[in-house]
Structures are given as C-alpha cells and as structure tokens.
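Novice: Those sequence lines, one after another, are chains A and B.
In this text, residue positions in the first sequence follow my numbering: the first is 3, and each later residue adds one.
In this text, residue positions in the second sequence follow my numbering: the first is 5, and each later residue adds one.
No wet-lab data here; the hints were simulated from the structure.
The model shown is predicted, which means the values in this text are computed figures rather than measured ones.
Treat the hints with care, as some may be off.
When the alpha-carbon atoms are kept at most 25 Å apart in a straight line, the in silico DSS-like pairs for lysine-lysine are as follows [as the list claims (entries may be wrong)]:
| id | chain 1 | residue 1 | chain 2 | residue 2 |
| --- | --- | --- | --- | --- |
| 1 | A | K222 | A | K66 |
| 2 | A | K252 | A | K17 |
| 3 | B | K51 | A | K217 |
| 4 | A | K53 | B | K51 |
| 5 | A | K7 | A | K17 |
| 6 | B | K51 | A | K222 |
| 7 | A | K260 | A | K271 |
Here chain B is said to cover these stretches of chain A; the calculated rule only asks that three of the stretch's residues, wherever they fall, bring their Cβ under 8 Å from a Cβ of chain B [to be verified]:
| id | segment |
| --- | --- |
| 8 | 34-46 |
| 9 | 52-59 |
| 10 | 217-229 |
If you want the ones that stay clear, here's a sample from chain A, every Cβ over 10 Å from chain B, calculated [unchecked claim]:
| id | residue |
| --- | --- |
| 11 | M26 |
| 12 | E64 |
| 13 | M70 |
| 14 | S282 |
| 15 | I284 |
Every residue, glycine too, gets a C-beta built ideally from N, C-alpha and C.
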Amino acid sequence: MAVGKEIRSQIGSIKNTQKITSAMQMVAASKMRKAQDRMAASQPYATEIRKVVGHIAKATPEYKHHYMVERDVKRVGYIIVSTDRGLCGGLNANMFKLALKDIRAWKEKGTEVDFCALGSKANAFFRRYGGNLVAAKTGLGDAPVASDLVGSVKVMLDAYEAGKIDRLFVVFNRFINTMSQKPIVQQLLPLQAVETPEEPRTTTGWDYLYEPEAKQLLDKLLVRYIESQVYQAVVENNACEQSARMVAMKSATDNAGKMIDDLQLVYNKARQAAITQEISEIVGGAAAV
Amino acid sequence: MAMTLHCDIVSAEQSIFSGRAEMLIAAGAAGDLGIMPGHTPLLTELKPGPVRVVLQDGKEEIFYVSSGFLEVQPNVVTVLADSADRAENLDEAAAQEAQREAERAMKDQKSDLDYARATVELAEAAAQLRTLQQLRKKTQ
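Between the sequences and the hints, there should be enough to build the whole structure, so can you do that?
Specialist: Structure, rendered in structure tokens:
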C-alpha cells in the first residue's frame, strides 16, 4: 500500500535510533556502578587529607609554606575537569557556564586567566574560547589513574610557585545522586582554613611538631593534597558523566517510544481512511450499475 | 575507663580503620612513635612499617602501611597512607620473595634509578615481614 510508505520508513529509522540509545543507557548504567564505587573508595583519603590541610592552614607555623600565603591576584589558574565524550545531557555545558561566569568576574577586575583542561570536551571548548590554555590531558578513560594527572597538575603548581598565577581553582561536577549533579568551583591554592564545627579551637598560636623538617614535610604533603583533590575531582566527574549519560539516554529512549506511538497512530488513521475510501468507491460503483 | 582518642587510617584506595583507641604506634620518619590521648599536635612522614592500634578493650589491631603521613590533633590521629592493608592480608611468601628480588637488584644495579627503586622495594618488603612478625607475637 502506497499510503503509509514514508511513515513506515520513518518509524523504522526511529526504532533503530531507539535501539542505540537504549544500548547506551545500559552500558552507562553498568559503568556508573563501577564509577560510583571508585568515587566512594577514594573519598575517605581526600576527605581526611583535606581535614589535615585545613588544620595546617589554621595553625600558626614557624615556617609559612608559599601555598599558604595570600598574594595580590594578578592572574588566576583554573583546572577544568570535563568528560571525554559527549551525549551526557547538559553536564559539560552547565559546568562551562559556571566556569565562564567565574572567569568573567575575574576579567572584570582586570585579572588574567590560565586554563588547564582535563578531558577532551574542556580541551575543545577552551581552545575555541580562546583562553590561555597551558596544559591539557585527554583520554583519561573510565578508570582514571592518578599518575596520568600528575603532569598537568605539576604545570599548574610550577606556575604557582613561579608566581605566574596567584590562585588556583578546580572546576568539576559534584555528584549529588544519580539524578542530579552540580558543577562547583573549588579553590585549591592558597589553602583555605576549613571550618570544622565539631572541633572548635579557641586557643590560637599553636603549631605542630614536625618530623623531619617542616619545609620538607609540607612540600610533600601539600603537593600530595593537591594531587588527591584533583584526582578526586576527576573520579567524581566520571561518576557524574556515567549517571548523566544514563539519564540522558533513558529520556532519549522514552522520547523515541513516544514518537513511534504518535507516528503509528497517524499511519493507522491513514490506512483506515484509505480502506474506507476504497469501500465507499466500490459501493458507489456497484450502485451506479 | 581509660582515655581514648579517635583514630582514622585511610589509604588512597579505601578507609582501613576508623574508631576509638587507647594508643597508636607507628613508624615515623625519625623513629617509632606511640600516640596517646592528649598528644601535642604533630605532623610526620611515615616509613613503610606496621601501625599498631591498641583498642579500648586492650586488644590490638595491626596494619601495614607503605609510607604516608601521620597527623596528630589532641584527640584525633589520622594516618594518610599511600597504600595500607590489614596485617592478616599480607602474604609472607610474596614478601620474602620481594625482599630477595630487591636484594638481587641492588647487587647487580645498572643505574642509580634502579638502585633507588630497589631500596624502596627492599624497605617495603622488610617492613611487611616486620608487620607479620608483630602479628605472630600478638597471636602467640
């Protein structure tokens, strides 16, 4: 029957798309579980080291590490953590929007901005945006390894040490739950004292005993701190990516189903109309004889 | 009841131990140290070695830590380990094998880099064996 040919082929092509999106949804769902486990596994270390560094920032040490000293801000650095692949809803777009808002605020104050892009989406975006991209790392994969990040992080730390940048931020998506992720900007350098309500410290002017020397120890510990925070950001962003992709693909599959239903209805109506018309033509023809 | 302090032992991969303890004994960069409640704030590097935790009921738990950091706040001790494990999970045969391997590598060294790595491996293997010794002492 000629009547529904285009509609039928359209339904066929939507069905094919639906197959792909539902497969992607299932792949993302299984990857998401693993990514969430990875995030949960490295969370304690990141939390504890942040607490320790928070204490250090609150202490009044004899030796002030340069990571703790606030400087006049002339140039700031951003480490942008994004995904490597697309098709994960507005995950990257929302994060870039937040980053750009932040960056615009700095630029209005006459501050220059440097970028370090982790993930190919951030890399492509900031190349287009025309910022000063000093380091990039793509292809981190589903199970990011800390040693892969060390290089790019070191570029930023060296820049901070050399006084090229005066502040360092990391931008990534915070995993709230499977349905929602929230982009955030976290300041890495200089270190900020974290307020911990459960252990209020009224006495001021205390300091650690250091073994061995304070300088040696803090150098190592603080670099480790930055690395662990960036690693945690990458792992968390990865968990966000998989769950965002799963949700995006689920709604794509649902939408394809809805479209197929609508088209099927149109097709059936057209077919029925053709049949009715044919019958009435036959009846009309028979009556005329 | 004796005074206790809160103890957290975390490695890069997982949280190993979290709870209250009477004392924590670890191998610091400048020698072994025992931390009891009310210790003055302290920050130190850890060498590969055993970390012993004396629990409230007098029982001991032994962990193996391969380098990391130790932070002491008056009532909180935090061990940030690069990698850590329960002593029960260590493999004695593998540790001995690693020790022999490292000693051999130190003898026929090709470059300074090899030598440095072998030293680290040797220290880790020796520390694992030391941890296992302590574990045996405890169970005897």
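Novice: Hint by hint, say whether it matches the structure.
Specialist: Tested hints:
1. For the given pair, A/K222 sits about 14 Å from A/K66 by alpha-carbon distance, which is consistent with the 25 Å threshold.
2. Restraint check: the Cα-Cα separation between A/K252 and A/K17 comes to about 14 Å, which is no more than 25 Å; the hinted pair holds.
3. At most 25 Å may separate the alpha-carbon atoms for a hinted pair to count; B/K51 and A/K217 meet this at roughly 18 Å.
4. Straight-line distance between C-alpha atoms of A/K53 and B/K51 comes to about 22 Å, which keeps the hinted pair within the 25 Å bound.
5. Between A/K7 and A/K17 the alpha-carbon distance is near 15 Å, which keeps this suggested pair within the 25 Å criterion.
6. About 14 Å separates the Cα atoms of B/K51 and A/K222, which keeps this hinted pair within 25 Å; it holds.
7. Straight-line distance between C-alpha atoms of A/K260 and A/K271 comes to about 17 Å, which keeps the hinted pair within the 25 Å bound.
8. Counting residues of the segment 34-46 of chain A whose C-beta lies closer than 8 Å to any C-beta of chain B gives 3; at least three are required, and the coverage claim holds.
9. Beta-carbon proximity to chain B at under 8 Å applies to 4 residues in the segment 52-59 of chain A; the threshold of 3 is reached and the given coverage holds.
10. By the rule of at least three residues with a Cβ nearer than 8 Å to a Cβ of chain B, the coverage given for the segment 217-229 of chain A holds, with 4 such residues.
11. Under the 10 Å C-beta cut-off, the non-interface status given to A/M26 relative to chain B holds; the minimum distance is some 29 Å.
12. Distance check for A/E64 against chain B: the nearest CB is about 13 Å away, which clears 10 Å, and the non-interface claim stands.
13. Remark: the non-interface label on A/M70 is consistent with the geometry, its nearest Cβ contact in chain B lying 14 Å away (cut-off 10 Å).
14. A/S282, annotated as away from the interface, keeps every beta carbon of chain B farther than 10 Å; the closest lies near 76 Å.
15. The claim that A/I284 is not at the interface with chain B holds, since no C-beta of that chain comes within 10 Å of its own (minimum 78 Å).
Of the numbered hints given earlier, the model fails none.
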